[in-house]
Amino acid sequence: MIIHVNETYILMNYLIAIVISIIIALGLRLPLLPPKPKRFSFDVCALFPTPIIAIGILAILFALNFYWIWDGIALAIIIAIFSAIFVKYLFNYVFPKPPETQEENLEADK
Amino acid sequence: MNELVGIAIAAIIAWLNFVLIDTYLGLPEVPGVKGADIVGRSIAKRGGNLSGGFFQGNILCSPDASAGTLLAAIGVILIGLEGGLIATLLVYVGNRLCADPGYAGTTGALTTTIIVIAGSFVGLTPEMFVVGMVIAILTIQGIHHQSSSKLLGKIAKAMGRDTKLKE
Numbered sequence: 866m867i868i869h870v871n872e873t874y875i876l877m878n879y880l881i882a883i884v885i886s887i888i889i890a891l892g893l894r895l896p897l898l899p900p901k902p903k904r905f906s907f908d909v910c911a912l913f914p915t916p917i918i919a920i921g922i923l924a925i926l927f928a929l930n931f932y933w934i935w936d937g938i939a940l941a942i943i944i945a946i947f948s949a950i951f952v953k954y955l956f957n958y959v960f961p962k963p964p965e966t967q968e969e970n971l972e973a974d975k
Numbered sequence: 002m003n004e005l006v007g008i009a010i011a012a013i014i015a016w017l018n019f020v021l022i023d024t025y026l027g028l029p030e031v032p033g034v035k036g037a038d039i040v041g042r043s044i045a046k047r048g049g050n051l052s053g054g055f056f057q058g059n060i061l062c063s064p065d066a067s068a069g070t071l072l073a074a075i076g077v078i079l080i081g082l083e084g085g086l087i088a089t090l091l092v093y094v095g096n097r098l099c100a101d102p103g104y105a106g107t108t109g110a111l112t113t114t115i116i117v118i119a120g121s122f123v124g125l126t127p128e129m130f131v132v133g134m135v136i137a138i139l140t141i142q143g144i145h146h147q148s149s150s151k152l153l154g155k156i157a158k159a160m161g162r163d164t165k166l167k168e
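Just so you know, the protein sequences line up as chains A and B, in that order.
866 is the number of the first residue of the first sequence in our numbering; add one for each residue after it.
2 is the number of the first residue of the second sequence in our numbering; add one for each residue after it.
To be clear, the hints were calculated from the coordinates, so they are not data collected in a lab.
For clarity, every value in this text was computed on a predicted model and none was experimentally measured.
Virtual Cβ for every residue (Gly too), placed ideally from N, Cα, C.
Where hints are given, some of them may not hold.
As the list claims (entries may be wrong) - Away from chain B, derived, C-beta distances all over 10 Å, residues of chain A:
#1 Leu880
#2 Val884
#3 Ile887
#4 Ile946
#5 Tyr958
To be verified - If you anchor each label on the Cβ, the simulated ranges turn out as follows:
#6 Phe947(A) - Ile118(B): 24 to 34 Å
#7 Val123(B) - Thr873(A): 19 to 29 Å
#8 Gly36(B) - Gly892(A): 31 to 41 Å
#9 Leu98(B) - Tyr954(A): 12 to 22 Å
#10 Val959(A) - Gln142(B): 29 to 39 Å
#11 Glu4(B) - Lys962(A): 43 to 53 Å
#12 Lys158(B) - Phe947(A): 41 to 51 Å
#13 Ile934(A) - Ala9(B): 41 to 51 Å
#14 Ile144(B) - Leu898(A): 31 to 41 Å
#15 Ile13(B) - Leu880(A): 26 to 36 Å
#16 Lys158(B) - Trp933(A): 46 to 56 Å
#17 Val959(A) - Gly161(B): 26 to 36 Å
#18 Trp935(A) - His145(B): 55 to 65 Å
#19 Lys46(B) - Ile943(A): 52 to 62 Å
To be verified - Per the computed footprint, the stretches of chain A lying under chain B, defined by three or more beta-carbons under 8 Å from a beta-carbon of chain B, are:
#20 915–922
#21 925–939
Chain A with its partners taken away, still in its complex shape:
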């Protein structure tokens, strides 16, 4: 693989994406942690899955050797903002909750 950007910058870009996506998700009034008991990951929150989506998409672009301006920092910021907005507004449309599992889960919690 040809690396155009210093590896320290790449690690820093991931950290930037994680931190900014969590901050923006919190700004969009997502809770920091999932509701207890933590067994139903279709309930989104700021820590899961916002940073996972952000670094995943960023990793795909970096693997394709696409860094754009400022050694990829601009890309990290834009994708962090996008992933927070996606989790807040589009997540339930793209990944609808499974109705059966939800009922079973509620029964198990009781």
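Starting from the structure of chain A, add chain B where the hints point.
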């Protein structure tokens, strides 16, 4: 490092990684998908432990920490750190598509990416982790369901993740 020693160490690390994460995140408590319920009850009927059975059913039916470990290690072989992170995202999307409510797959893939990258500094290659993970899954799923489910049941009880459902 000698290849066989490396594979043995990687297998132990992978086994501990996925069994502890899966148990902590509640795989033995509730079958996350319908298939896991059927597998768990079938293993319990044949003389196994119900918690361990649910654990094995959950592993079998949807991407959990064991699948996450394997996919992340393969991702790291192919394209380095990026590969592990892409595998994590794909495991997460896979969980959504399986309607699996758990957190284990994504968490397992993330921790494995970190472990495999850290291991490469002390001479453990990602290839060793792939072989080690296959051996680790074999000990759980491939040799003797009853005894492995009892072991998993004991671990679940020790970590306070025993199932409350009845056989």
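Going through the hints against the structure:
no.	hint	result
1	Leu880	holds (13 Å)
2	Val884	holds (16 Å)
3	Ile887	holds (15 Å)
4	Ile946	holds (17 Å)
5	Tyr958	holds (12 Å)
6	Phe947(A) - Ile118(B): 24 to 34 Å	holds (26 Å)
7	Val123(B) - Thr873(A): 19 to 29 Å	holds (21 Å)
8	Gly36(B) - Gly892(A): 31 to 41 Å	holds (39 Å)
9	Leu98(B) - Tyr954(A): 12 to 22 Å	holds (21 Å)
10	Val959(A) - Gln142(B): 29 to 39 Å	holds (32 Å)
11	Glu4(B) - Lys962(A): 43 to 53 Å	holds (46 Å)
12	Lys158(B) - Phe947(A): 41 to 51 Å	holds (44 Å)
13	Ile934(A) - Ala9(B): 41 to 51 Å	holds (47 Å)
14	Ile144(B) - Leu898(A): 31 to 41 Å	holds (38 Å)
15	Ile13(B) - Leu880(A): 26 to 36 Å	holds (30 Å)
16	Lys158(B) - Trp933(A): 46 to 56 Å	holds (52 Å)
17	Val959(A) - Gly161(B): 26 to 36 Å	holds (35 Å)
18	Trp935(A) - His145(B): 55 to 65 Å	holds (56 Å)
19	Lys46(B) - Ile943(A): 52 to 62 Å	holds (54 Å)
20	915–922	holds (count 5)
21	925–939	holds (count 3)
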